[in-house]
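Q: So the protein sequences, as listed, match chains A and B.
Quick note on our numbering: the first sequence kicks off at 678 and runs consecutively.
Quick note on our numbering: the second sequence kicks off at 678 and runs consecutively.
Worth flagging that the hints you see were computed from the coordinates, not collected in a lab.
Please read these numbers as outputs of a predicted model, since none were measured by experiment.
A hint or two may mislead.
For chains that are exact copies, the list does not tell them apart, and a pair is met inside one copy or across any two.
[As the list claims (entries may be wrong)] In silico lysine to any residue, SDA-like type, Cα no more than 25 Å apart, as pairs:
| hint | residue 1 | residue 2 |
| --- | --- | --- |
| 1 | 691 | 744 |
| 2 | 902 | 740 |
| 3 | 902 | 803 |
| 4 | 877 | 828 |
| 5 | 820 | 861 |
| 6 | 873 | 761 |
| 7 | 901 | 699 |
| 8 | 691 | 730 |
| 9 | 896 | 794 |
| 10 | 820 | 766 |
| 11 | 685 | 773 |
| 12 | 877 | 831 |
| 13 | 873 | 750 |
| 14 | 691 | 773 |
| 15 | 837 | 726 |
| 16 | 905 | 829 |
| 17 | 872 | 747 |
| 18 | 685 | 728 |
| 19 | 722 | 684 |
| 20 | 814 | 744 |
| 21 | 896 | 681 |
| 22 | 873 | 836 |
| 23 | 685 | 755 |
| 24 | 905 | 791 |
| 25 | 714 | 871 |
2 protein chains.
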Amino acid sequence: MTKSLQLKTAELEKISHLDYFNIALSVDLVIFGYENKELKVLLIKSDLEEFSGMYSLLGDLVRPDEDLDSAPYRVLLSRTGMDDVFLEQVHTFGSIARHPSGRVITTAYYALIDIRHHQLQVDTNELHWHAVNDIKKLAFDHKLILNTCLEQLRSQIMEKPVAFNLMQDKFSLRELQEVYEAILDIKLDRRNFRKKIAVKDWLQDLNEMESNLSHRPGKLYGLKKQFKRKSSKELAI
Amino acid sequence: MTKSLQLKTAELEKISHLDYFNIALSVDLVIFGYENKELKVLLIKSDLEEFSGMYSLLGDLVRPDEDLDSAPYRVLLSRTGMDDVFLEQVHTFGSIARHPSGRVITTAYYALIDIRHHQLQVDTNELHWHAVNDIKKLAFDHKLILNTCLEQLRSQIMEKPVAFNLMQDKFSLRELQEVYEAILDIKLDRRNFRKKIAVKDWLQDLNEMESNLSHRPGKLYGLKKQFKRKSSKELAI
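Given these sequences and hints, build the entire structure.
A: This is the structure we're talking about:
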């Protein structure tokens, strides 16, 4: 026979679990950029003695009066001056001992930006772009977080038109292939790549050609308007 | 000129942010099942007075000595007796006022199970399967969490062989189409569906036919061995 359900108030529930309310929440941002045919990520020098000399992702604690999903936009704006970047929540990391300050859970977001269109506010933290392939070790579990976001990016670029956020508005198919190769860290077959991209119907022929190049100029393309995701503000709604 | 970086200890960092360490973390499980051509989800009666009479997802607070990713398996085992279910982390919900006990952040996981192979431990909580289409309102922000996991499931079923976790080991293409229709909540074109599934190369022809049916028997198929994801324990590694 089913016993009847005992109700309790939310307040009583909290009092009986006070030692559970001892966690801080942070956000960490994996901000990808693309430059000189390399996929890069934005890192700062850690300001914790425990990680002296090591680099970490951009991040901060979520404030008591702040929604989780607002925090990454605040961090991005305050540390880089950027407010027009698309951020996607990827994964939450919650191992018991991941942070030396105590129990700090972190939610990771990734962003893709066109490096040439953004001016970093370097300040004291040595905020710089690092080639993803050169990163061996990071503070905290940030290497795991970076790898998880990189996997997410790799799994999405053939499904959704996200890679274009790394590029300028006009590009040749050769340049597009180079971006895909940098993300996937493999060489792609030219003909096969062009066939796969054509099927997606993401691109618009701009009726222009590349100029001032040492190689044979290619046609220029842009992402079709309906696929453009410009501003974090539009997307946060 | 760049100022030099001031280091601080993790302990000092915590002391200067004590009011940030006031959060509890929970997990919520969206456990999908399939029965009578309907997509279902496992719900319990809420035991909080604030949500008296309302249903909620299965969930619990993460314990102080427990990794985030271990908690959903503990909840699943203790509430349903199941330990062989695939769980995937989907999204973390962190609005300031989402829980009446205080600041409780929740990480949502989804699971797909074959209803016929699992025996629920109903106990006091009125743990039951509910048709997803019949659910209008849930306690907390659980309707939003359900919708987010449903979107994730829908976006994954043509990319990965996940829907098969809802089904018995042997099935006809007609039964498979019914599962996809239940998840997507639309009617699919028979010929088109079969073509799309064939391209995936997920299925193995079992050289058997359906029997004891009122309609014309169809061929039976199984998921190829390399795509089977049986146990949460294997997958948690």
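Q: Now tell me, hint by hint, if it's right for this structure.
A: Results for each hint:
For the homomeric pair residue 691 and residue 744, the shortest alpha-carbon distances inside one copy (20 Å) and between copies (20 Å) are both at most 25 Å. In this homomeric assembly, residue 902 and residue 740 never come within 25 Å of each other (Cα to Cα): the closest approach is 36 Å inside a single copy and 47 Å across copies. Taking the shortest alpha-carbon separations for residue 902 and residue 803, neither the intra-copy value of 36 Å nor the inter-copy value of 50 Å comes in at or below 25 Å. With identical chains, the CA atoms of residue 877 and residue 828 are at most 25 Å apart both within one copy (21 Å) and between copies (21 Å).
In this assembly of identical chains, the alpha carbons of residue 820 and residue 861 lie at most 25 Å apart only when taken from the same copy (17 Å versus 36 Å across copies). In the homo-oligomer, the alpha carbons of residue 873 and residue 761 never lie at most 25 Å apart, since the shortest distance is 29 Å inside one protomer and 38 Å across protomers. In this assembly of identical chains, the alpha carbons of residue 901 and residue 699 never lie at most 25 Å apart, being 48 Å within a copy and 46 Å across copies at closest. Proximity of residue 691 to residue 730 under the C-alpha cut-off of 25 Å is restricted to the inter-copy arrangement: shortest distance 20 Å between copies versus 40 Å within a copy.
Taking identical chains as interchangeable, the C-alpha atoms of residue 896 and residue 794 lie at most 25 Å apart only when both belong to the same chain, with a minimum of 23 Å there against 57 Å between chains. Taking the shortest Cα distances, residue 820 and residue 766 sit within 25 Å of each other both inside one copy (17 Å) and across copies (19 Å). For a Cα distance limit of 25 Å, the shortest separation of residue 685 from residue 773 across copies, 22 Å, qualifies, whereas the shortest one inside one copy, 29 Å, does not. When the C-alpha separation of residue 877 and residue 831 is checked against a cutoff of 25 Å, the pair qualifies both within a copy, at 16 Å, and between copies, at 20 Å.
With identical chains, the CA atoms of residue 873 and residue 750 are never at most 25 Å apart, being 34 Å at best within one copy and 39 Å at best between copies. For the identical chains of this complex, residue 691 and residue 773 are neighbours both inside a copy (21 Å) and across copies (16 Å), given an alpha-carbon limit of 25 Å. Taking identical chains as interchangeable, the C-alpha atoms of residue 837 and residue 726 are never at most 25 Å apart, the minima being 41 Å within one chain and 44 Å between chains. In this assembly of identical chains, residue 905 and residue 829 lie within 25 Å of each other by CA distance both inside one copy and across copies; the values are 19 Å within and 22 Å between.
Taking the shortest alpha-carbon separations for residue 872 and residue 747, neither the intra-copy value of 39 Å nor the inter-copy value of 43 Å comes in at or below 25 Å. In this assembly of identical chains, the alpha carbons of residue 685 and residue 728 lie at most 25 Å apart only when taken from different copies (10 Å versus 44 Å within one copy). Taking the shortest alpha-carbon separations for residue 722 and residue 684, only the inter-copy value of 10 Å comes in at or below 25 Å, while the best intra-copy value is 50 Å. Taking the closest pair of Cα atoms, residue 814 and residue 744 come within 25 Å of each other only across two copies (23 Å); inside a single copy the shortest separation is 30 Å, beyond that limit.
In the homo-oligomer, the alpha carbons of residue 896 and residue 681 never lie at most 25 Å apart, since the shortest distance is 72 Å inside one protomer and 47 Å across protomers. For a Cα distance limit of 25 Å, the shortest separation of residue 873 from residue 836 qualifies both inside one copy, at 11 Å, and across copies, at 16 Å. Taking the closest pair of Cα atoms, residue 685 and residue 755 come within 25 Å of each other only across two copies (20 Å); inside a single copy the shortest separation is 42 Å, beyond that limit. In this homomeric assembly, residue 905 and residue 791 come within 25 Å of each other (Cα to Cα) only inside a single copy, at 13 Å, whereas the closest approach across copies is 40 Å.
In this assembly of identical chains, the alpha carbons of residue 714 and residue 871 lie at most 25 Å apart only when taken from the same copy (18 Å versus 41 Å across copies).
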